[in-house]
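Peer 1: Chain by chain, the residues run as shown.
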Amino acid sequence: MSATTITHVAGTALPLPGDDVDTDRIIPARFLVSVTFEGLEKHVFADDRVARKGTASPHPFDEPAFEGASVLLVNRNFGCGSSREHAPQAIRRRGIRAVVGESFSEIFFGNSVAIGLPCVTASHEAVRALQEAVLRDPRLRVVVDLAKRSIRAGTISSPITLPDAVREVFLSGSWDATGLLLDRFDEVEAVAKKLPYVSGF
Amino acid sequence: QLFVGLHLVHEVTSPQAFDMIRARGGKVPFPGRTVATVDHIVPTDGSPRPFADAMAEEMLRALERNCREFGIRFFELGSEGQGIVHVIGPETGLTQPGMTIACGDSHTSTHGAFGALAFGIGTSQVRDVLASQTLAVEPLKVRRIEVGSALRRGVYSKDVILSILGLLGVKAGAGFAYEYGGAAVDAMSMDERMTLCNMSIEGGARAGYVNPDATTFEYLKGRPFAPKGEAWDRAVTWWSSFASDPGASYDDLVRMDGSTLEPMVTWGINPGQVAPVTGRVPKPGDVPADGRASILEALDYMGLEAGRTVAGIPVDVAFIGSCTNGRLTDLREAARVAKGRRVAKGVRALVVPGSNAVRKAAEREGLDEVFRGAGFDWREAGCSMCLAMNPDRLVGRETCASSSNRNFKGRQGSPTGRTLLMSPAMVAAAAIAGEVADVRAFLPEEQP
Ligand code: SF4
Numbered sequence: 008m009s010a011t012t013i014t015h016v017a018g019t020a021l022p023l024p025g026d027d028v029d030t031d032r033i034i035p036a037r038f039l040v041s042v043t044f045e046g047l048e049k050h051v052f053a054d055d056r057v058a059r060k061g062t063a064s065p066h067p068f069d070e071p072a073f074e075g076a077s078v079l080l081v082n083r084n085f086g087c088g089s090s091r092e093h094a095p096q097a098i099r100r101r102g103i104r105a106v107v108g109e110s111f112s113e114i115f116f117g118n119s120v121a122i123g124l125p126c127v128t129a130s131h132e133a134v135r136a137l138q139e140a141v142l143r144d145p146r147l148r149v150v151v152d153l154a155k156r157s158i159r160a161g162t163i164s165s166p167i168t169l170p171d172a173v174r175e176v177f178l179s180g181s182w183d184a185t186g187l188l189l190d191r192f193d194e195v196e197a198v199a200k201k202l203p204y205v206s207g208f
Numbered sequence: 045q046l047f048v049g050l051h052l053v054h055e056v057t058s059p060q061a062f063d064m065i066r067a068r069g070g071k072v073p074f075p076g077r078t079v080a081t082v083d084h085i086v087p088t089d090g091s092p093r094p095f096a097d098a099m100a101e102e103m104l105r106a107l108e109r110n111c112r113e114f115g116i117r118f119f120e121l122g123s124e125g126q127g128i129v130h131v132i133g134p135e136t137g138l139t140q141p142g143m144t145i146a147c148g149d150s151h152t153s154t155h156g157a158f159g160a161l162a163f164g165i166g167t168s169q170v171r172d173v174l175a176s177q178t179l180a181v182e183p184l185k186v187r188r189i190e191v192g193s194a195l196r197r198g199v200y201s202k203d204v205i206l207s208i209l210g211l212l213g214v215k216a217g218a219g220f221a222y223e224y225g226g227a228a229v230d231a232m233s234m235d236e237r238m239t240l241c242n243m244s245i246e247g248g249a250r251a252g253y254v255n256p257d258a259t260t261f262e263y264l265k266g267r268p269f270a271p272k273g274e275a276w277d278r279a280v281t282w283w284s285s286f287a288s289d290p291g292a293s294y295d296d297l298v299r300m301d302g303s304t305l306e307p308m309v310t311w312g313i314n315p316g317q318v319a320p321v322t323g324r325v326p327k328p329g330d331v332p333a334d335g336r337a338s339i340l341e342a343l344d345y346m347g348l349e350a351g352r353t354v355a356g357i358p359v360d361v362a363f364i365g366s367c368t369n370g371r372l373t374d375l376r377e378a379a380r381v382a383k384g385r386r387v388a389k390g391v392r393a394l395v396v397p398g399s400n401a402v403r404k405a406a407e408r409e410g411l412d413e414v415f416r417g418a419g420f421d422w423r424e425a426g427c428s429m430c431l432a433m434n435p436d437r438l439v440g441r442e443t444c445a446s447s448s449n450r451n452f453k454g455r456q457g458s459p460t461g462r463t464l465l466m467s468p469a470m471v472a473a474a475a476i477a478g479e480v481a482d483v484r485a486f487l488p489e490e491q492p
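In order, the protein sequences belong to chains V and X. Our numbering puts the last residue of the first sequence at 208; the count rises by one with no breaks. Our numbering puts the last residue of the second sequence at 492; the count rises by one with no breaks.
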């Protein structure tokens, strides 16, 4: 992958309230019947969107006011369930460039990092305040600043957390996870030779 | 950076990874340490290739091509070794204690039942494992969950894990591996331990495991990929060294009394929303204010009245199978309930063995006849209605009693379909009663 650094993400935001949003909801399984990730953006939250179509409260991804948003605001345990990388792929291909939440499922978090979609956490209060501020003013400009470890929007400013190693990956643009792992391939071969189930018991 | 001893691959999360390897002109340095099968998209009604679903056919072709190109062993459709990836790994003896195991599938935690460290990974990491045979993993904390005293009649390891999820919730596992132990776990068969570890991910844990012991070794002995002869003895010595010391210290310890557990049923839209079959669906007023919204959302989606009894919830479909409960002992227990009885009128019931080997073994015991005789559909191996990427799906708002692992909204193929998770024996009871029913009423008084 390209060595693009991500120091911050700025743009409008899309609030998606709710805990335990699972990957089956982010991208229902029937859309995984494919050999590529292409076109997944069309189906992000497909079933939830259909369920709320034509109601008084359409799904945030169908609200014209939030169109073009680049920051997704979520709550606790976002992305739980299946390991499908299709979930962050669908979100990223939809134009989202950073996800801010109270907490994330670990596999979803790892998958997102792997495809260059930063997921950062902020306090319950901060996330709620941001969601409400964006609901009031969908054009509000939100800045997720990985370098300064903060999120700012209008009068709101709050610290964000993400693991140092992950932050480093984004700041330095060292995307090539495969390459990094291969750097120490000599050692890998040595370890393999010592393992009885590789070399024979 | 961990060496991955066994990398399992299926058709859904791998094609993009192989494409990425090709794009970088890469190789797969340890093709012998990766094994592939096809499970998610298999139409389990035995329809011949090419599949009716052209895209599903293309996925299978892609996997066949990728395995050929990179020299990876592939358990093809219809072969003895084919089945759900988390069923065939153990039953072929590929899964062994002390290994690090990875698979592009969250339920890889299943393999922890053997005392292996097993992770679910995403497609980019599948690429990394193919290319380097390693994974970057953050160290995990360990929470030991000790289940003391034996389980009672009609209570299975599925009920234990559902109870754990009910107790700890679906987020508490973040940053942890779950170690299961205690008298109830010691007494479990490998099939049951796999059920337990399988759903660790539902608790938010990255992995789950049981320390290897005599039961583990007994299970592995004689399996196709298990060591033989003198090597076997050396292997057992090595494997034994992976068990935690009796006095080991843990980051957290949770104790449960196995003898007080009851058959469990989920009533909501995540696996932590669960109650005993003798209990009631909660009322939002029962819990602190910040938990009410999720209960209301769940009850609304499920169409259940707050405070109603769990027993008696009507079901339209009954599904026995999946990597959680599609193994031989699961089918045996369900067959005990089904034997000599009939599926209720209007209920669609299907049994989908976890692998071809399970199917054949069950047929040798005549379980297929028991199920067919009771009005169940007897299918070919695959994931089937666990996530409904194949033609087995719920229709509209149907409610399904299911032995699988996830009751998320829309999980079983219909955007408005509803799932009640329970043990396979409980699913059989629900199929016969046409509603959620206590399996203990279907079992003889004393278990042999
Ligand atoms: S049975 Fe269900 S959970 Fe298990 S691998 Fe298949 S789809 Fe995933």
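I should point out that these hints are in silico values taken from the structure, not numbers from a laboratory. Hints may contain errors.
As the list claims (entries may be wrong) - Taking lysine-lysine and the PhoX-like style, the derived pairs with C-alpha atoms no more than 25 Å apart in a straight line are: (1) X:K272 with V:K201; (2) X:K71 with V:K201; (3) X:K265 with V:K200.
Note that the structure is predicted; figures quoted are calculated from it, not measured.
Peer 1: Next step is simple, just say for each hint if it's right about the structure.
Peer 2: Hint check:
The suggested pairing of K272 (chain X) with K201 (chain V) holds, with an alpha-carbon distance near 19 Å, which does not exceed 25 Å. Note on K71 (chain X) and K201 (chain V): the hinted pairing holds, with a Cα-Cα distance of about 22 Å set against a maximum of 25 Å. Distance restraint check for K265 (chain X) and K200 (chain V): the Cα-Cα separation of roughly 24 Å lies within the 25 Å cut-off, and the hinted pair is therefore satisfied.
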